[in-house]
Amino acid sequence: MATLVPQEFTAEWSGALLALLNRRAEALLREMEKIPGAQSAFVCDARGNALVLWYTTPLTRETASRVGERVVNLFNAFPGKTFEEVEMRFDDRWLYARTLGNAFLVVVCTRDVNRALVRMTCNVAAVPFQTDKELQKNLLPHTRLDVGMRFGMSGGFN
Amino acid sequence: MSAASSFSQTVFRLSPTELSSEIILKPEAWRLLAQINGARTLGEIAQTLGISEQAAHQIATSLLEARIIEAVTGVPQATTRTVDVAFFDQLQHELTRAIGPVASIILEDALGALGETRERFPRERLADLVEHVSEQIRDPKRKLRFQQVMLDVMRKM
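If you read the protein sequences in the order shown, they are chains A and B. The numbering of the first sequence is our numbering, which starts it at 2 and goes up by one. The numbering of the second sequence is our numbering, which starts it at 27 and goes up by one.
Be careful, since some hints might not be right.
Unchecked claim - Selected chain A positions facing chain B (Cβ under 10 Å, derived; list incomplete):
| no. | residue |
| --- | --- |
| 1 | Glu34 |
| 2 | Gln40 |
| 3 | Glu70 |
| 4 | Asn103 |
| 5 | Cys110 |
| 6 | Arg112 |
| 7 | Asn115 |
| 8 | Ala117 |
| 9 | Met121 |
| 10 | Val125 |
If you are wondering where the hints come from, they were derived from the structure by calculation, not from laboratory data. Heads up, the beta-carbon is just placed ideally off N, CA and C, and yes, glycines get one too.
Pulled out of the complex, with its shape left as it was, chain B reads as follows (with noise of 0.2 Å):
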């Protein structure tokens, strides 16, 4: 795992040290800041407030030096969130109603072509596997109506 992975998956906290002096936040490091729980990785704050991960490295930093935040240690690295293997079953369900019974080989097939497998399927890469098997819908409106029910099922995860 490269350094910047690494500290992406880094869980912070609020520091208990007192400070020495007065600070300023800019309303992004607040913005961060506000997001810092002992349990969220950096990563997952930086998605949840729409920034760049290099931009939130850029912020924890600030905050760590300024003794503001700390890393929490003793805590296992945070692990690529999967997905529940019951998305599939309503991914097939989807799918065989867009392109009929062909759809588990579809399925399947986009699963081999990502590298992945049902039970170990990492969330961010949900929408790859949409994209890629909605590709094979040949009518665009089965193909959007696909596409929005499957996104309103990805935002309710």
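This is chain A alone, in the form it adopts within the complex (with noise of 0.2 Å):
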């Protein structure tokens, strides 16, 4: 049985907009239950934050966050480059991520999962949340990180 776990009130998030940001962070992550193999997943915002959690195997937001910040930084490892995705292989799973707008999205999977339908799925089940504009707006990072550091801004955005 998988465990969802919103994001809470805080300065950041309240309101509306945390009600919005859990209805497609959810919408998005229900269908990682449809990847065999999924362990969990979850959204984090430009900083690694996590915000919303989807878990089969255990996975602390504390984890979550600290994988998140190293997923983000990776994304923006290569100066002047942007990349919408990244797949890691580690010894006992498989990592995938890809931009959401202003956000990111972190699925980890045992190593043998079907990695093509990973991609398509998340593919899929991106745009409500990558399209969504007020959304999108409230992910734009207040404060701009390291100069020279960019962020995947994927079509649909304005």
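Could you fit the two chains together into a complex? Lean on the hints.
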């Protein structure tokens, strides 16, 4: 049985905006249940802070944020180059991450997961989240990170 | 076939042997045991449960050693499940909607690139095929629609 952990009330996320974030993220993350081998997934902001989590194998917000921060840094690691997707193979798992406009999606799977299925499922499921202008506007980082870092911006956001 | 993949193709059933003592099963072992029906292979069960084949092997081995399950002998080795040829009609139809009559060529090229044929296309490679051909759809909206439709088709199979 999968567990969904929504974003909690904070200074940044409250009221209707919080509800919107949770609604969009939940719809996106619930699609991971259709992927045999998907163990956990989360949406994180541009700093890597985990916002909404989904898991069948336990995942704490702390661990997700730690992973998220490193994944975001990896997306921005090559100066002047932006990426939409990253895949990482570990000894005992496979990680897939992609941009969601001003946020990121990270999915952790078993090593033998059907990777094409993960990519396509995420590609399709990401659209409502990515194209929600109100949500994307509020996901914009309020402060710029180091000079030279760029954030992946996918089509659909104006 | 490697030993590991051979084990994944093994079909198990509950052992009729009387157990000599109480057994305690961890939740993951119970979940696997609940899937064993004398017909499904271990690999299929692993996929259903969303666990790695290695994890399934470990659990099945412990259940075997505890004489809770036994391998079904005399059952033909499970062959790779292949796709109904009719699926390709649907795939080509949707691809044609996305990129026009060149779809048939794109599809044949993709099959060749994957080293497969329509007649014996393995089910576990379906997503690879759909992704491969969808990369030929330049229009992002059409590509998205195509992937969405084909994902629904694959999930119903």
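For each hint, the structure was consulted:
no., hint, result
1, Glu34, "9 Å, holds"
2, Gln40, "7 Å, holds"
3, Glu70, "27 Å, violated"
4, Asn103, "18 Å, violated"
5, Cys110, "9 Å, holds"
6, Arg112, "6 Å, holds"
7, Asn115, "5 Å, holds"
8, Ala117, "4 Å, holds"
9, Met121, "5 Å, holds"
10, Val125, "5 Å, holds"
Of the hints listed earlier, those the structure fails to meet are numbers 3, 4, in rising order.
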